[in-house]
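K.L.:
Residue-level listing of the chains:
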Amino acid sequence: MSTLADPSSGHSAPADPSSGHSAPAGGRPGSLAARQAELVAALTGGAPVPVGFDARMVEAARVALLRKRAGEVARHWPLLAAALGERWPGEFARWAATRPTQGSLRDGWDLARELAAGGELPAPAGAELATREAASRYDGRSAPRARRAPTVRRAAGSVVLQLFGRVRVLRGPA
Amino acid sequence: MTAHGVGIGWRPEIAGFVAGLPGLRFTEVVAESVPAHGELPAGLAELRERGTAVVPHGVKLSLGGAEPVEPARVAHLATVAERLGAPLASEHIAFVRAGGVEAGHLLPVPRSREAVDAVVANVKRTQAELGVPLALEPIAALFDWPDDELDEAAFLTEILERTGALLLLDVANVYANARNRGADPVALLDALPLERVAYVHVAGGAEHDGIYHDTHADAVPQPVLDLVAALCARHRPPALLLERDGAYPSADALRAELDAIAAASGYPAVT
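Protein chains in written order, with this note's numbering: chain A, 1 to 174; chain B, 175 to 445.
Hints may contain errors.
Said to hold, decoys possible - Within a straight-line C-alpha distance of at most 20 Å, the following computed DMTMM-like cross-link-like pairs (lysine to aspartate or glutamate) qualify:
| no. | chain 1 | residue 1 | chain 2 | residue 2 |
| --- | --- | --- | --- | --- |
| 1 | B | K298 | B | E244 |
| 2 | A | K68 | B | E381 |
| 3 | A | K68 | B | D419 |
| 4 | B | K234 | B | E417 |
| 5 | B | K234 | B | E220 |
| 6 | A | K68 | B | E303 |
| 7 | B | K234 | B | E303 |
| 8 | B | K234 | B | E206 |
| 9 | B | K298 | B | E241 |
| 10 | B | K234 | B | E244 |
| 11 | A | K68 | B | E323 |
| 12 | B | K298 | B | E332 |
| 13 | A | K68 | B | E288 |
| 14 | A | K68 | B | E244 |
| 15 | B | K234 | A | E86 |
| 16 | B | K234 | B | D392 |
| 17 | B | K298 | B | E335 |
| 18 | A | K68 | A | E86 |
| 19 | A | K68 | B | E332 |
| 20 | A | K68 | B | E335 |
| 21 | A | K68 | A | E120 |
| 22 | B | K298 | B | D358 |
| 23 | B | K298 | B | E288 |
| 24 | B | K298 | B | D364 |
Just so you know, these hints were derived from the structure itself, not from any lab.
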């Protein structure tokens, strides 16, 4: 699971608002917009805490934010969180530390796919991922959309069939 | 808002509990969780039918963002308020995204002239589309900006005066901010325009490593109830609402918290 901590693994770094060209809406340097973007980058992307802030309290806020996100993602992906058990908050926080949220559904989906690709998705969470994959098309960049065509998907040993919008687990975790 | 007494935030996880409260006259729902079209969440329509006021509470407008508030988000809040027949809508004095990145959390804006102007502009943009009054909620924040020019009361009062907005006062936020800064929470109550309070939030929290976190997932501590009493002794707000957003306790525990808020405020119990 240690590879999950690598922020360069297929995930673009957060925009640096001070560089002037990579921040789409960061505003001119020193403006309120730019400084808000710097603070968000520190809290969600691993960027340094902006000058003048209480670094200890910003760090406490960052950790609290990750803890809150872990809880919200666990509500959307209960089997994924349950399969990781006590390791869930830590594993999620490690993965999410440099990834601003795309919403709890997509955050959990991205993490589950990454675990599955590395052969590290726990079997009990396989049916959950396969169910989502069979029911919706998700390109990893925008909101998932319901599939119309019949679809079979597999993950971590589970096999799921979606037919006319109804989903059936053909083979669950062993 | 007319006097609605004690309420509790409607969440899907506790919809059955909320529906079973015999004296409930108002509730609040996260605005972004209510669809603009189609059926209302199960249970919410029933509450409306029995006359319970439902206030949409926005969490993603980012009124404190330097950028203009997104028209689609404003339109959604306005639509939901209309669908619910809400007496008012509420949002936070906070920003939740910047530079195209979602923070996933309510973040404080600097208490500066520039930020006041940004908030006022966004509140006015929102009010222009809303068919009901807007109440603004100051947040709990673990840190402040280094460039604060105003204190919290002056910052809030100026925003309220320039926009005509109402105040959604969260006594748990007041408590958390004061406790983490070694300040007196009652002093802020004395400095705020309490006659502008539309309703009040009450919530629980917990301390980690010497820092108090406003979690909405822990019990309401006694000092927050004491602050409810201190507030009501000065100017009793028309309504007080318990916010619980996770780690839901037993129905008995929730009832006890609602009763404690009723006792502290002098409103009748709704349980």
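K.L.:
Holds or violated: K68(A) and E120(A), Cα atoms, limit 20 Å.
P.N.:
Between K68(A) and E120(A) the Cα gap is close to 24 Å, so the pair fails against 20 Å, i.e. violated.
K.L.:
Can the restraint linking K298(B) and E335(B) be considered satisfied, given a maximum Cα separation of 20 Å?
P.N.:
It holds: about 12 Å lies between the C-alpha atoms, which stays within 20 Å.
K.L.:
Hinted pair, alpha-carbon criterion (20 Å max): K234(B), E86(A). Please report holds or violated.
P.N.:
Distance ~31 Å between K234(B) and E86(A) Cα, so the pair is violated.
K.L.:
Checking one constraint from the list: CA of K298(B) to CA of E288(B), max 20 Å. Satisfied?
P.N.:
holds (16 Å)
K.L.:
Holds or violated: K298(B) and D358(B), Cα atoms, limit 20 Å.
P.N.:
Violated - the C-alpha atoms of D358(B) and K298(B) are around 32 Å apart, more than 20 Å.
K.L.:
Decide if the proposed pair is consistent with the structure: K234(B) and E244(B), CA atoms, cutoff 20 Å inclusive.
P.N.:
Measuring from Cα to Cα gives roughly 10 Å; hence the hint holds.
K.L.:
Could you grab the alpha-carbon distance between K234(B) and E303(B) and see if it respects the 20 Å cut-off?
P.N.:
Holds, at about 16 Å.
K.L.:
So if I understand the rule, the pair passes when the alpha-carbon distance is 20 Å or less; does K68(A) with D419(B) pass?
P.N.:
The given pair, whose Cα atoms are some 11 Å apart, holds under the 20 Å limit.
K.L.:
For the pair supplied as a hint, K234(B) and D392(B), confirm whether the alpha-carbon distance does not exceed 20 Å.
P.N.:
Distance ~23 Å between K234(B) and D392(B) Cα, so the pair is violated.
K.L.:
Measure nothing beyond the straight line between the CA atoms of K68(A) and E288(B); if it is 20 Å or shorter, mark the hint as holding.
P.N.:
violated (30 Å)
K.L.:
When you check the alpha-carbon spacing of K298(B) and E241(B), does it fall within 20 Å?
P.N.:
holds (14 Å)
K.L.:
Does the structure keep K68(A) and E381(B) at a Cα separation of 20 Å or less?
P.N.:
Distance of about 15 Å is within 20 Å: holds.
Checked against the numbered hints given earlier, the structure breaks hints 5, 6, 11, 13, 14, 15, 16, 19, 20, 21, 22 and 24 and satisfies all the rest.
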